[in-house]
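Peer 1: Here's the letter readout for the chains.
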Amino acid sequence: MGIRFDAVTVAYDGNVVLDALDLTVAPGEVMALLGPSGSGKTTALRAVAGFVRPASGRVFLGDRDVTDLPPHRRGIGMVVQQYALFPHLRVEDNVAFGLKARKVPKAEIRTRVAEALEMTGMGAYARRHPRELSGGQQQRVAIARALAIRPGVLLLDEPLSALDAQLRSGMLAELARLHRELPDVSILYVTHDQMEALTLADRIAVMDKARLQACGTPRELYRAPANAFTASFVGNANLLPVTVGASGAALGTAELKIDTSGAAPGASATLCVRPHLVGLGDGPNRLTGTVTEIQWRGATHRLYVDVDGHRVMADLPELRTPPAHGESVTLHFASEDAVLLPAGVGDHG
Amino acid sequence: MLVHSRKAKWAVWALFLLLFLPLFALPLLVVLGASFATNWSSVLPSGPTTANYEAATRGEALQALTTSLVTALTASLLALAAGTWAALAAAALKRRSRKVMDALFVLPVAVPSVVVGLAILVAFSQPPVLLNGTRWIVIIAHTVLVTAFAYQSVSAAITRLDPAYEQAAASLGAGPAQVLWRVKLPLLLPSLTAAAGLCFALSMGELSATMMLYPPDWTPLPVLIHASTDRGALFTGSAIAVVLMAATLLVLLAVSRIRTRASYR
Amino acid sequence: MASATLSTPAKAGIRAPAVPAWVWALPPVALLALVFLYPLALVVQQSFQPDTGGTSIRPYADVFASEAFREALWTTVWLALASTAGCLVLGFVLALVIAFVPFPGARAVSRFVDVFLSFPSFLITLALLFIYGTVGMANGLWTDVTGAAEGPFRFLTTPWGVLLAEITYFTPFVMRPLLAAFSQLDTAQLEAASSLGARAPRIVRQVILPEALPALASGGSLVLVLCLNEFGIVLFTGAKDVTTLPMLVYGKAILESDYPGACVVAVVNVLISVGLYGLYRVVSRRAGA
Chain A
1 MGIRFDAVTV AYDGNVVLDA LDLTVAPGEV MALLGPSGSG KTTALRAVAG FVRPASGRVF
61 LGDRDVTDLP PHRRGIGMVV QQYALFPHLR VEDNVAFGLK ARKVPKAEIR TRVAEALEMT
121 GMGAYARRHP RELSGGQQQR VAIARALAIR PGVLLLDEPL SALDAQLRSG MLAELARLHR
181 ELPDVSILYV THDQMEALTL ADRIAVMDKA RLQACGTPRE LYRAPANAFT ASFVGNANLL
241 PVTVGASGAA LGTAELKIDT SGAAPGASAT LCVRPHLVGL GDGPNRLTGT VTEIQWRGAT
301 HRLYVDVDGH RVMADLPELR TPPAHGESVT LHFASEDAVL LPAGVGDHG
Chain B
1 MLVHSRKAKW AVWALFLLLF LPLFALPLLV VLGASFATNW SSVLPSGPTT ANYEAATRGE
61 ALQALTTSLV TALTASLLAL AAGTWAALAA AALKRRSRKV MDALFVLPVA VPSVVVGLAI
121 LVAFSQPPVL LNGTRWIVII AHTVLVTAFA YQSVSAAITR LDPAYEQAAA SLGAGPAQVL
181 WRVKLPLLLP SLTAAAGLCF ALSMGELSAT MMLYPPDWTP LPVLIHASTD RGALFTGSAI
241 AVVLMAATLL VLLAVSRIRT RASYR
Chain C
1 MASATLSTPA KAGIRAPAVP AWVWALPPVA LLALVFLYPL ALVVQQSFQP DTGGTSIRPY
61 ADVFASEAFR EALWTTVWLA LASTAGCLVL GFVLALVIAF VPFPGARAVS RFVDVFLSFP
121 SFLITLALLF IYGTVGMANG LWTDVTGAAE GPFRFLTTPW GVLLAEITYF TPFVMRPLLA
181 AFSQLDTAQL EAASSLGARA PRIVRQVILP EALPALASGG SLVLVLCLNE FGIVLFTGAK
241 DVTTLPMLVY GKAILESDYP GACVVAVVNV LISVGLYGLY RVVSRRAGA
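Residue numbers (UniProt numbering), protein chains in the order written: chain A, 1 to 349; chain B, 1 to 265; chain C, 1 to 289.
Keep in mind that the hints were calculated from the coordinates and are not lab data. Keep in mind that a hint or two might mislead.
In silico lysine-lysine, DSSO-like type, Cα no more than 27 Å apart, as pairs [stated by the list, open to error]:
1. Lys-94(B) - Lys-103(A)
2. Lys-99(B) - Lys-184(B)
3. Lys-99(B) - Lys-100(A)
4. Lys-184(B) - Lys-94(B)
5. Lys-184(B) - Lys-106(A)
Please construct the entire structure, taking both the sequences and the accompanying hints into account.
Peer 2: Right, dumping it as structure tokens:
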């Protein structure tokens with residue numbers, strides 16, 4: 001079952017926290033809502049669940065307008081950051097909760113609870129209370145509980161942020177597997193972590209300041225971000241202010257041969273190059289500057305280079321003899337790895 | 001933490017004991033001591049006896065104990081029901097109406113109990129409801145007095161309740177009634193039992209309103225203790241007081257056992 | 001998969017008309033009105049109805065003119081203020097020691113404080129009779145040691161006896177919110193302060209006291225109201241010369257059967273107490289306690 005936001009606006013006390021969101025999640029699709037805190041992504045998810053009422057706009061589940069429907073009539077599975085497992089119920093009763101609320105026959109409840117727990121690998125813990133489980137186990141139970149009602153839509157609100165890094169990557173793989181087993185379920189996945197979004201999502205909707213900034217497949221957003229915010233929030237990016245020329249662009253004195261189609265000569269623009277696509281030494285598009293900082297990151301070296309007052313980052317495979325601090329170096333990048341964005345944002349981290 | 005030298009610490013503790021023991025521990029010990037004595041004209045009581053307890057556990061004293069227990073049990077259950085209902089209803093209201101509810105339901109704390117007693121006496125000694133002279137007038141007064149406390153502690157617990165549980169239940173398809181019955185009330189259970197214990201203890205020791213209202217055949221323990229000491233039977237009065245304290249403590253202990261079993265986190 | 005779930009929500013396309021929230025608030029409010037607000041209103045009404053009939057402010061004039069009322073009013077107010085001050089000082093010192101100079105058994109002591117709160121107030125007066133009464137522990141000690149015929153302690157039937165009992169009984173009401181406030185205080189603050197060279201009195205004054213002020217304010221005003229309304233302690237001292245407003249209400253209603261007079265005193269007492277309690281609620285809400 002798909003989800004559709006039709007110009008959904010949410011405001012608290014006149015404060016707009018979600019501004020005219022238009023977004024469609026196709027049946028069976030995993031859509032990540034990615035953005036910093038306060039960007040409106042959680043509000044969007046809660047509007048689907050029915051816990052916030054839009055000031056205007058409609059929310060559809062499939063073909064059904066659910067804007068005026070109370071949460072318990074929506075048939076949605078939801079997992080939140082702190083899991084909200086009922087502390088007074090055993091694992092099996094937590095998972096059975098939604099089924100009992102629907103008055104599903106006892107025998108069927110039993111099989112469906114077992115099925116949901118099996119699917120999340122928690123079958124052995126049915127008789128435990130939530131407080132007797134680790135964070136990762138509680139997470140699995142929360143997912144099992146949401147899946148037991150066989151929802152058409154699964155809402156995940158920062159589901160992994162309470163877990164430590166190692167568990168997080170394991171759960172991410174687990175979620176991907178669950179989605180392969182339940183290909184019809186649409187998932188709306190709210191996160192501030194770009195790695196989670198890039199790994200799991202079919203498409204990513206980037207949110208900032210209550211607005212949708214960009215929406216596309218991870219690859220599209222990464223290779224050709226629509227704006228500077230998207231470029232810097234999805235992956236790292238060098239964002240450099242350039243002036244568009246006749247057959248390229250100029251960064252200070254450096255002439256760069258890049259695709260400038262769509263930009264008028266003489267206009268200002270922002271050039272976006274991913275740090276790992278910047279190479280050391282001579283090449284097609286040359287930038288010369290002094291090294292201000294070198295960080296060894298195990299497999300790579302991160303160089304910070306000052307080019308005419310602009311900071312350029314380069315991620316290079318581990319160097320045998322890295323340049324010294326203050327040394328003058330030449331960097332280059334391939335023309336097809338650069339994207340020209342509308343101007344407006346200067347040097348971004 | 002605050003005082004680091006050993007000497008200063010001992011000095012502070014000595015001061016603490018000097019204040020704490022005579023003020024708080026001594027009174028309870030003295031009542032306990034007197035309950036086993038026949039005479040107290042020196043430093044220590046004299047004439048050890050258990051006769052006071054024999055008097056305190058039979059006849060009118062035994063009846064007063066039952067009276068107190070029945071009154072406190074009835075009043076605290078009624079208060080718990082009314083207070084919980086009111087607190088749950090208030091929590092669903094808008095800010096301003098909720099404040100009005102809060103003010104209404106804690107008003108009995110601010111009004112002197114003697115005045116509550118007087119008011120109920122005035123109101124129920126005249127038609128349409130004539131209750132003067134019955135046990136119900138005492139029970140109603142106790143209920144009014146302790147409902148305020150039940151309301152306060154339950155509504156504090158409701159504020160602390162994480163809305164995520166309700167929302168999780170609603171997202172799983174539970175309607176408002178199911179959310180209340182299967183999620184909210186079970187999660188509030190520890191606070192409800194605590195509130196019940198508080199109400200019970202308050203009702204067991206209630207004297208002010210009771211003095212205004214009690215009919216001769218419904219004399220609770222505090223009134224009997226006053227009657228005993230008033231006619232000079234201090235030692236019997238002490239024994240009855242110990243019975244009162246013991247009964248209160250036993251019930252509180254039972255309640256706190258239920259509470260431990262009912263708390264999940 | 002999706003179709004299975006929708007069986008329930010789908011048929012609920014039209015929302016059942018929900019009962020508005022205020023309807024649920026009606027039954028308890030009606031009950032409260034019946035057993036509390038209506039009786040209270042009757043008290044006010046009766047305070048304007050002298051026994052001679054009709055409606056007038058005669059009862060008020062009579063009561064305000066009587067020496068006994070004015071003395072009771074004064075006794076009530078000063079006893080309550082003095083008890084509150086005593087409770088605040090004593091409660092602060094004791095809670096400070098329990099929280100910040102902990103000793104083995106400090107937890108048991110704070111448990112004991114909770115238990116203390118669940119006992120009725122008149123037990124304290126009863127105990128004081130054995131400690132400071134004419135033939136009690138203190139006087140007995142005095143006569144044993146000095147050989148005198150009578151001991152020097154005979155303040156129990158004076159307002160001082162009531163003051164001592166009230167301070168004893170109500171101090172835990174100050175200690176409880178204070179202990180709660182102290183447990184919220186980050187001990188790292190104290191460590192930082194002492195590492196910066198502050199000694200204990202300065203830490204108490206500059207770090208602990210500011211944190212404790214809200215709890216002191218709310219605990220203090222609660223105790224003030226409870227002292228104004230206290231009845232059991234005064235009744236048990238059995239002293240004829242200590243009369244407070246609640247005692248006066250009891251005396252007029254039960255002993256003299258002067259209901260209009262009792263109702264007048266009751267109205268005055270309620271006005272003072274409810275006014276102060278309103279202040280307490282405002283203070284404690286502002287303090288977030």
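Peer 1: Looking at the structure, which of the earlier hints fail to hold?
Peer 2: Result: hints 1 and 3 break, sorted rising.
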